[in-house]
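> Read off the chains here:
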Amino acid sequence: MNNYISVNINKVAKMMLNTKALNNITTTFEEHIIHGIIGPNGAGKTTLIRIIASLLKADKGNVNYILGNKKLNNIKSYLGYFPQEPSLYPDLSCQEHLEFFKALHRISDNAFNERCEQLYKVTSMTPFKKRKINSLSGGMYKKLGLMCVLLHRPKLLLLDEPTIGVDPLSRRELWDLVYNFAKNGMTVIMSTSYMDEAEQTNKIHVLNEGNLLVSGNPLEIMERYHLNKIEDIFLKIDNPKT
Amino acid sequence: MISKTSIKAIAFKEYKHITRDPFTMIIALIMPLILVLLFGFIVDLDYKHIKIDIQDNNNSQMSRRFIDILKSCQYFKINKLNSMLEIENKINKNNTPAMLIIEKNFDKNIVRRNSGKIQLLLDGSDNAKTGILTSYFTGIASSANKIYAKQLNTQYNKELIRTRFLFNTELNSKWFVVPGLSTIVIGLIAIILTSLTIAKEWENGSMELLLSTHVKSIEIVIGKIIPYFILNMLNILMIFIISLLVFKIPFESSFFIYSIACVIYVTGALALGIFISVVTRQQQAAVQFAFAVGLLPSFLFSGFIFSIENMPSLFRYFTALFPQRWFMEISRTLFLSKTNLKVLLVPFLAIIIFAIFVIILANIKFKTDMEP
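Here the protein sequences come in this chain order: A and B.
Counting in my numbering, the first sequence runs from 16 upward without gaps.
Counting in my numbering, the second sequence runs from -18 upward without gaps.
It is worth saying that the hints were derived from the structure and are not from the lab.
Don't take each hint at face value.
Claimed, not checked - A few chain B positions that, by computed beta-carbon distances, are all more than 10 Å from chain A:
hint, residue
1, His(-2)
2, Leu190
3, Arg297
4, Lys346
Unchecked claim - In silico DMTMM-like links for lysine to aspartate or glutamate, alpha-carbon gap of 20 Å or less:
hint, chain 1, residue 1, chain 2, residue 2
5, B, Lys(-3), A, Glu46
6, A, Lys72, B, Glu352
7, B, Lys(-15), A, Asp124
8, B, Lys(-15), A, Glu224
9, A, Lys75, B, Glu184
10, A, Lys85, A, Asp124
11, A, Lys136, A, Glu100
12, A, Lys91, A, Glu132
13, A, Lys35, B, Asp350
14, A, Lys147, A, Glu224
15, B, Lys181, A, Asp211
16, B, Lys(-11), A, Asp211
17, B, Lys348, A, Glu100
18, A, Lys72, A, Glu224
19, A, Lys251, A, Asp211
20, A, Lys147, B, Asp350
21, B, Lys181, A, Glu100
22, B, Lys181, A, Glu46
Note that CB positions come from ideal geometry on N, CA and C, so glycine has one too.
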């Protein structure tokens, strides 16, 4: 039996303030790969991520989490979630953030020291340990966010537009980080509105106005729909006759 | 199962936020100090230099002596009238808080061992003031009686009204105001500070991150309350010392009972702040709400300014909803009288019920998801 998490979304619908945020979404987030939820603003990406994170309840349908062959009732112990909005504490330092999450996740001192060292190393954040969040750059901020959610070694990592507002170099670094950790048995689901990032994922789930247009490997989708760029999918599916 | 580690982590994080935010530190520690000192010195319910019109129809040595006694205490500023016409004018124009008319045979009646008659007219529109004036005159009449008895070389034991003040024997309003004011300040600061804490997490976006972990709402609530609880207990100690050293208020009861009352009252106030924060989710709205819920009832319904006994029955029952009213009673009683817990059973029960109710409510209302 493997030790990875997969997520099945079954006919999930959600209304947000009288707007249909999600409309009968059915898809599978297979274990141990990087998934991209892509779509323009207002497509329903954040709503879907929050439903997977158990932060929103679906009006209809259900979400099933499978660990190996076992169905999980509560995902929170296995979850690492980094929201889209800034969510760290401006007056705390990087190290204080990690210590806070260490206590929340009840990580032992030895494991914490080992993981911290590793995280600081791969993120190149070691010189900024004592720096407060309000003086970090956008890229460093996101890296620290990732460090916080990776500290307890989650099996399911949810990232809501992690690269938004980040310079191209930092975006690449963040992607490298995600790849690095995904290799170690993590299922990663990240939303993005950057279409070039979608091509770097193993599977994309394309959303538009709350509807799932298509899901699959980005290269296969491009081939199937004869696309030059992945963003053309919105034109193809919205205008099937052309 | 509640996790102590999670509570400790949240409390420690909150402690760091508090100590690093000068605004919070000022509100938490400096503001109560300033308020108690400032209000303690300013709020003075003793009426002094009250203008009083006197018509002396007797104009004898005895009537003049009576006026001298009035003059010698600092409560009155005397304005002598010269005719009945002036009296009529003053009354018609409603232009006098108090008027004293000494009758023609005032001295003769006293010499004959009859009562010397003085008519006192009071403006009854200010109920509280009228009560205080009456007590002043009672005291003055009693002093005058003694002086006349001595003058006539007789045992004159007829006192018109025998008055004995319990507890605040000196009728010093500061003794009454400061224990009351500390109730308001502690409650207010506790409510305002905690009302910001959860709202700040929502506005900051950090609540979403926190809720995605397995931390429970009750752990967040308790973790958030602990540092503010310690801060408020420090405030109480500070105000207590100021009351004793600066305002020289005697503390007549058990400090242990007072501490227990403070613990319960502060816990309830902090939980109310958390409840406001949980419901509003916005710092600005939370502060406004906290002022409305913390400040207004503190002044209006606690008995600090307006006597609860004099309120219409509906409002009298309404005041029972506010812990400030009960803690005010506990605080004043413990400061000014030797009493035991039995006497304060109802106020104690009231603040305990309030604290438990608000903690449960805050926990129920605490949103553990991102639903709008």
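> Which hint numbers doesn't this structure obey?
Those not satisfied are hints 1, 2, 5, 8, 9, 10, 11, 12, 14, 15, 16, 20 and 22.
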